[in-house]
Every structure is written in structure tokens, then in C-alpha cells.
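There are 2 protein chains.
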Amino acid sequence: MSAMRMNEGVEWAAHACALLALLPEGKALSAAALAEFHELPRAYMAKHMQALAKAGVVVSIKGPRGGYRLARPADAVSLWDVRVAIEGPGPDFRCQEIRRNGPCPSHDTGKPCTIAKAFWDAERAYQAQARSVAIADIVASLAAGVNPARAERFNTWLAANT
Amino acid sequence: MSAMRMNEGVEWAAHACALLALLPEGKALSAAALAEFHELPRAYMAKHMQALAKAGVVVSIKGPRGGYRLARPADAVSLWDVRVAIEGPGPDFRCQEIRRNGPCPSHDTGKPCTIAKAFWDAERAYQAQARSVAIADIVASLAAGVNPARAERFNTWLAANT
Numbered sequence: 001m002s003a004m005r006m007n008e009g010v011e012w013a014a015h016a017c018a019l020l021a022l023l024p025e026g027k028a029l030s031a032a033a034l035a036e037f038h039e040l041p042r043a044y045m046a047k048h049m050q051a052l053a054k055a056g057v058v059v060s061i062k063g064p065r066g067g068y069r070l071a072r073p074a075d076a077v078s079l080w081d082v083r084v085a086i087e088g089p090g091p092d093f094r095c096q097e098i099r100r101n102g103p104c105p106s107h108d109t110g111k112p113c114t115i116a117k118a119f120w121d122a123e124r125a126y127q128a129q130a131r132s133v134a135i136a137d138i139v140a141s142l143a144a145g146v147n148p149a150r151a152e153r154f155n156t157w158l159a160a161n162t
Numbered sequence: 163m164s165a166m167r168m169n170e171g172v173e174w175a176a177h178a179c180a181l182l183a184l185l186p187e188g189k190a191l192s193a194a195a196l197a198e199f200h201e202l203p204r205a206y207m208a209k210h211m212q213a214l215a216k217a218g219v220v221v222s223i224k225g226p227r228g229g230y231r232l233a234r235p236a237d238a239v240s241l242w243d244v245r246v247a248i249e250g251p252g253p254d255f256r257c258q259e260i261r262r263n264g265p266c267p268s269h270d271t272g273k274p275c276t277i278a279k280a281f282w283d284a285e286r287a288y289q290a291q292a293r294s295v296a297i298a299d300i301v302a303s304l305a306a307g308v309n310p311a312r313a314e315r316f317n318t319w320l321a322a323n324t
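Taken in sequence, the protein lines are chains A and B.
Mapping of the first sequence onto our numbering: residues 1 to 162, in sequence order.
Mapping of the second sequence onto our numbering: residues 163 to 324, in sequence order.
Treat each hint with caution, since some may be false.
What the hints assert, rightly or not - DEER-style ranges, computed between Cβ atoms:
| id | chain 1 | residue 1 | chain 2 | residue 2 | range |
| --- | --- | --- | --- | --- | --- |
| 1 | B | Pro-267 | A | Gln-50 | 21 to 31 Å |
| 2 | A | Ala-43 | B | Gly-307 | 48 to 58 Å |
| 3 | A | Glu-39 | B | Gly-272 | 16 to 26 Å |
| 4 | A | Pro-105 | B | Pro-267 | 27 to 37 Å |
| 5 | B | Ala-194 | A | Leu-22 | 51 to 61 Å |
| 6 | B | Ala-208 | A | Asp-121 | 50 to 60 Å |
| 7 | B | Ala-321 | A | Lys-54 | 50 to 60 Å |
| 8 | B | Ala-208 | A | Arg-94 | 15 to 25 Å |
| 9 | B | Gly-218 | A | Gly-145 | 37 to 47 Å |
| 10 | A | Pro-89 | B | Gly-272 | 33 to 43 Å |
| 11 | B | Arg-286 | A | Gly-110 | 25 to 35 Å |
In short, the hints are calculated from the structure, not lab data.
No residue lacks a Cβ here, since even glycine has one placed at the ideal position from N, Cα and C.
Please take these sequences and the hints and turn them into a complete structure.
Given below as C-alpha cells:
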């Protein structure tokens, strides 16, 4: 059995976006800083940030203080957007129309096979749920656990990396 | 980007289960016959049928007229059961708790990270949808396209292969 697993980059990219949502106006964070913040491998983080940029979730700012910023407000970036950037748009289920093969092929009714329709419906249910959670929601939940000492440590790190 | 794709065996296995649902009492179909019916590669079909058997979706009958049968009524086998048999139970999203790493680790609140919770909620929505469609529904939709000539061809094939 080949278990279906989401790329771990989806988690990394979502956390990176939450971090970018906290940036002051005009500031940016490099892929290296984003990797450092969660102790992630630099090369993979760089690859995932490029995928987010290609998908239009983040923008890349050039220059010595350059790096990444969110391309739009944190409440307009959903976890579905992040997943699509890293995993591609899907669908996960690809119908090969095997019902038309063999000694007793199905009559082509023009309608999708019930199997394909059911899995695509399930994907739509998944997508609706993942669309309903935004990076702003992630930021809010992470902020709930912040105390003054952590806030200061975070601000120091941010000042040193932007 | 590494697109997330479902194993094509899920489609094959679902169609195979629909075919098994049509078997008369006491009859069975071999993996080879199931492969032939949809012009699929024998070795892969055999592998997927073994996965269905391991998951308890089908049972294997020994002997010269042996083969596979559904392990329970077709309305008690869902497309989720078939997917789990072929792809494993998931979850697709694995949380690495990277929020606890790095220079500003999150306080451990004991609650799952909002990112993990959102993706697991989405997986539950997918699962509920896929659980709501049974092999019996697939059979009913395939039967809707049957005419007398196709029914005769099918019965002839079945008689030759069981």
C-alpha cells in the first residue's frame, strides 16, 4: 500500500506565511530566515517559498534587505491556497474511464462515472473546508499563546532579520 | 511542485468491487478475470485485490473456481473503504509541530496547531463524503446504462469466468 501523504512543505509554507503576516510595512524575510525560524532545511524552504511566489501567495522583494512578503492580506490567503501552491491544484482522483474498456464496455452516457463524481465531490468538500481557514486565523491562534517575554524575543529576532 | 495524486488502483479496485457485487451466490472472480474485464495489467490488479482482501473488503475463495467475492453487502462497502484499502488510512497531513522549534518556539498549549486542525477537518469532510457513496450506488448507476445486448454479453462473460 502506498499511503497518500501531503508534502511536509505545506506545513512549512503555512507557518512561513503566518510569520510573513506579522511583518511591519516595507519589511521582508529571506527564505534563509524563514527556515531558521522553524529550524527547517534551507534548500527545501527556498524551494517552497519559490512555489508560493509562483502561485502568487507571496511576492519576492529584491535588494540587500529583500526577501518575501505576503502578496495580499492574511485574511485573503487560505490554507487551500498554500496547499495548491505546494502540491498543485489537483484533482487527486484521475478518472481513466476504464468502464469503457474490455469485453462489456459501458455505454457512454456523457456523464462522469459515479466513482469519479464521488471522489471529486469529496475533494470539493475538502477544498471548502481548507478555504475556510485563512493565514489570519493561524496568526490569531499563535498570538493567543504569546506572553511579554516571547514577544520581546520575537521582536529582537525580527529586527535582526529584516 | 509534487502534485498529490491518488493511486490509480483506487479506481480499478472500486470498479472491481462493483463487478463482484454482481456475482451470483457462491461464485467468485479471479484477479486475472477482474483485470481482463477492464483491460488492466494483471500484476497490478492482483496487488490491489490483495490489498482489498487485507483490508477486509473482499474475501479470497480457494480452489479451481476460486477467486474474490465482496466480504459484505455492496451497500456496506463505501468508496472510502476502497480508498483506505489501497492508499492506507491517512491522515494525509502530518503535523511535525515545527511551531515548537527555533528561536521563538510556541508555548505548548496542549491543543493541536490550527494548521493541523484545519487540514484534519478538511480530511474529515472528504471522508464523510466518500463514506456516503457505496459500491451498491456504483452498481445502480452502471446498471442504468445496460440494454439487453450488453446484459447478454455480460452474462456470457460471467459464465465463462466463474
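Exercise. Falls inside 21 to 31 Å, the C-beta gap from B/Pro-267 to A/Gln-50?
Worked result: At 26 Å between Cβs, range holds.
For this session: Using the Cβ atoms, figure out if B/Gly-218 sits within 37 to 47 Å of A/Gly-145.
Result: Holds, at about 43 Å.
Exercise. Are A/Pro-89 and B/Gly-272 spaced within 33 to 43 Å by their CB atoms?
Worked result: holds, 35 Å
For this session: Using the Cβ atoms, figure out if B/Ala-208 sits within 15 to 25 Å of A/Arg-94.
Result: This hint holds: roughly 22 Å between Cβ atoms.
Problem set entry | C-beta pair B/Ala-321, A/Lys-54: status relative to the range 50 to 60 Å that was hinted | For B/Ala-321 and A/Lys-54 the Cβ distance comes to about 56 Å; the hint holds.
Exercise. Do the Cβ positions of B/Ala-208 and A/Asp-121 conform to the proposed distance bound of 50 to 60 Å?
Worked result: violated, 30 Å
Exercise. Is 51 to 61 Å a correct range for the gap between the Cβ atoms of B/Ala-194 and A/Leu-22?
Worked result: holds, 60 Å
Exercise. Would you say the C-beta atoms of A/Glu-39 and B/Gly-272 sit inside 16 to 26 Å of each other?
Worked result: Roughly 22 Å apart at Cβ, these two residues keep to the hinted range, so it holds.
For this session: Could you see if the CB distance from B/Arg-286 to A/Gly-110 stays within 25 to 35 Å?
Result: For B/Arg-286 and A/Gly-110 the Cβ distance comes to about 33 Å; the hint holds.
For this session: Check the following: the C-beta atoms of A/Ala-43 and B/Gly-307 are separated by a distance inside 48 to 58 Å.
Result: holds, 52 Å
Problem set entry | B/Pro-267 and A/Pro-105 - C-beta distance against the hinted 27 to 37 Å | Violated: the Cβ-Cβ distance is about 59 Å, outside 27 to 37 Å.
The earlier numbered hints that this structure contradicts are 4 and 6.
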